[in-house]
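**Q** Residues per chain, in single letters:
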Amino acid sequence: MKRTVLAFVVAGAFGAAAVGCGGSSSSDAGHDGAAGNGGRGGGAGGPAGRGGSSGTMGLGGTTGGGSAGTSGAAGTAGTTGTAGTAGTGTTGRGGTSGSGATCDGSAPCGGDLVGTWNFVSLCVNEAVIREGFTIQDCPEATITNVGGTQTGSITFTATEYAVAASLSLSYTLTLPDYCLNGVTCDYFGGGLTQSASIQSASCAGDATCVCQIVTTPSLSAESGTYTTSGSTVNVMPTGRTPDSASYCVESDRLHILDVETITSMGAMTMRTRTDRVAQRQ
Amino acid sequence: MVGTWNFGSYCLDESFINDTLTASCPAARFSNFNVTRTGSMVFTATDYATASIASVAFTYTFPQSCIVDPSLTCGAFGDSLAGTPDYQSASCTGSTMCICQLVTTPSTTTESGTYTTSGGTLNTMPTGGTPGTVSYCVQGDRLTLLDIDATTMRTRATQVLQRQ
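Going down the list, the protein sequences come from chains A and B. Per our numbering, the very first residue in the first sequence carries number 39; after that it's consecutive. Per our numbering, the very first residue in the second sequence carries number 79; after that it's consecutive.
By construction, these hints were calculated from the structure, which means they are not laboratory data. Be a bit skeptical, because a hint or two may be false.
[Stated by the list, open to error] Just a sample of chain B residues kept apart from chain A, beta carbon distances all over 10 Å, derived: (1) 118; (2) 215; (3) 219.
[Claimed, not checked] Label pairs and their calculated CB-CB ranges: (4) B/92 with A/152: 21 to 31 Å; (5) A/263 with B/169: 22 to 32 Å; (6) A/221 with B/79: 30 to 40 Å.
Since the structure is predicted, the reported quantities are computational estimates derived from the model, not experimental observations. A virtual CB, placed ideally from N, CA and C, is assigned to each residue, including glycine.
Build out the structure end to end from the sequences listed, making use of the hints.
**A** Listed below in structure tokens is the structure:
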């Protein structure tokens with residue numbers, strides 16, 4: 039059995055595991071917008087050229103000493119990155135069922151998104167993870183205690199949004215010793231830590247090997263325009279494929295919900311895959 | 079640096095901005111800058127990501143004689159600015175001196191990549207972008223990013239962030 043484990047795709051709305059590539063320089067303050075020039079009707083000197091893709095310190099140029107302009111040329115928009123990398127899981131049969139987080143606590147309700155929201159928690163539906171988890175020739179391997187950690191923020195104006203976030207998962211992996219291919223449970227855990235996608239792994243046990251695993255945080259940054267329709271937010275990230283998610287604003291809490299429809303025995307039910315909770319800043 | 083930081087106050091050196099004015103209207107001045115920036119920066123041991131939305135309110139004062147078109151009044155000049163997508167609001171009043179209160183339209187910024195630190199210097203390598211360098215200081219739950227002019231050693235801008 040390979041020692042690479044885990045395919046966790048929590049690719050909910052806004053590219054939860056994405057790596058973006060954004061604006062240009064990150065050191066210049068207010069240098070991005072081109073100075074106003076070529077203005078309409080002979081102005082007194084373009085006082086502003088904004089809209090540049092500022093970086094860490096940049097603000098989208100606030101000044102412009104050009105003559106007779108009304109505004110500076112907009113800077114180039116930062117491009118966004120590719121979708122997050124899914125972990126590579128080996129094939130096989132899914133784990134056994136069990137109880138876990140269902141993320142059903144909040145339903146889509148819509149609301150006013152404008153403002154800045156700090157991510158405070160992430161609920162990952164354990165059943166969803168289990169369904170996507172398999173280890174070849176080890177059908178008894180199970181995933182439990184799935185937890186998510188997310189930090190960062192998402193800001194909405196009336197028409198635009200920007201999000202930067204860090205996301206990691208923790209979970210317990212349990213598997214019988216015959217799945218270890220003759221190595222000890224502890225050694226197996228050591229192998230897991232060699233994976234770049236695993237931040238920490240600690241395994242113990244004899245007949246049954248139990249591993250506490252935390253994935254390496256993945257960062258994402260994305261911005262673009264958005265619209266809402268009822269309880270759905272539709273995002274048009276710059277340079278990326280449009281996406282949508284359900285959401286609910288409850289007082290100072292924002293829930294961004296990845297909801298899927300499941301058809302079983304002819305009946306359709308809704309299931310929340312992930313619930314990203316953010317607090318108004 | 080490791081952690082998540084929310085953007086807080088931003089201080090801009092007005093004199094630096096005014097030094098960049100061209101000779102076409104030397105009496106023009108920018109003042110009363112108020113930068114509003116929300117969002118966050120996230121740092122792991124090797125990577126970073128940031129997203130923010132910022133707008134700038136400021137006063138732009140200049141002699142009406144600087145307006146090239148004599149038919150354009152100070153108020154009309156403000157109206158022309160307000161009609162552009164760059165400004166959320168623009169209002170100009172005055173006769174001899176034209177005083178404009180301007181607020182730029184909020185603009186979004188995103189960036190991510192890898193970074194290193196060396197002493198008090200943060201070096202960023204944004205994915206697909208140009209590497210950048212900025213001075214920084216972490217004091218308790220506060221991160222200060224300083225944009226220092228390499229020639230004059232003047233601090234052009236200071237961005238304060240609070241640990242989330």
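**Q** Taking the hints in turn, state whether each one holds.
**A** Checked hints:
1. Under the 10 Å C-beta cut-off, the non-interface status given to residue 118 of chain B relative to chain A is violated; the minimum distance is some 4 Å.
2. The non-interface label for residue 215 of chain B is consistent with chain A: the shortest C-beta to C-beta separation is roughly 14 Å, beyond 10 Å.
3. Distance check for residue 219 of chain B against chain A: the nearest CB is about 14 Å away, which clears 10 Å, and the non-interface claim stands.
4. In this structure, residue 92 of chain B and residue 152 of chain A meet the distance hint of 21 to 31 Å, their C-beta atoms being roughly 30 Å apart.
5. At about 27 Å, the CB distance of residue 263 of chain A to residue 169 of chain B agrees with the hint of 22 to 32 Å.
6. The hinted window of 30 to 40 Å between residue 221 of chain A and residue 79 of chain B holds, with their beta carbons roughly 37 Å apart.
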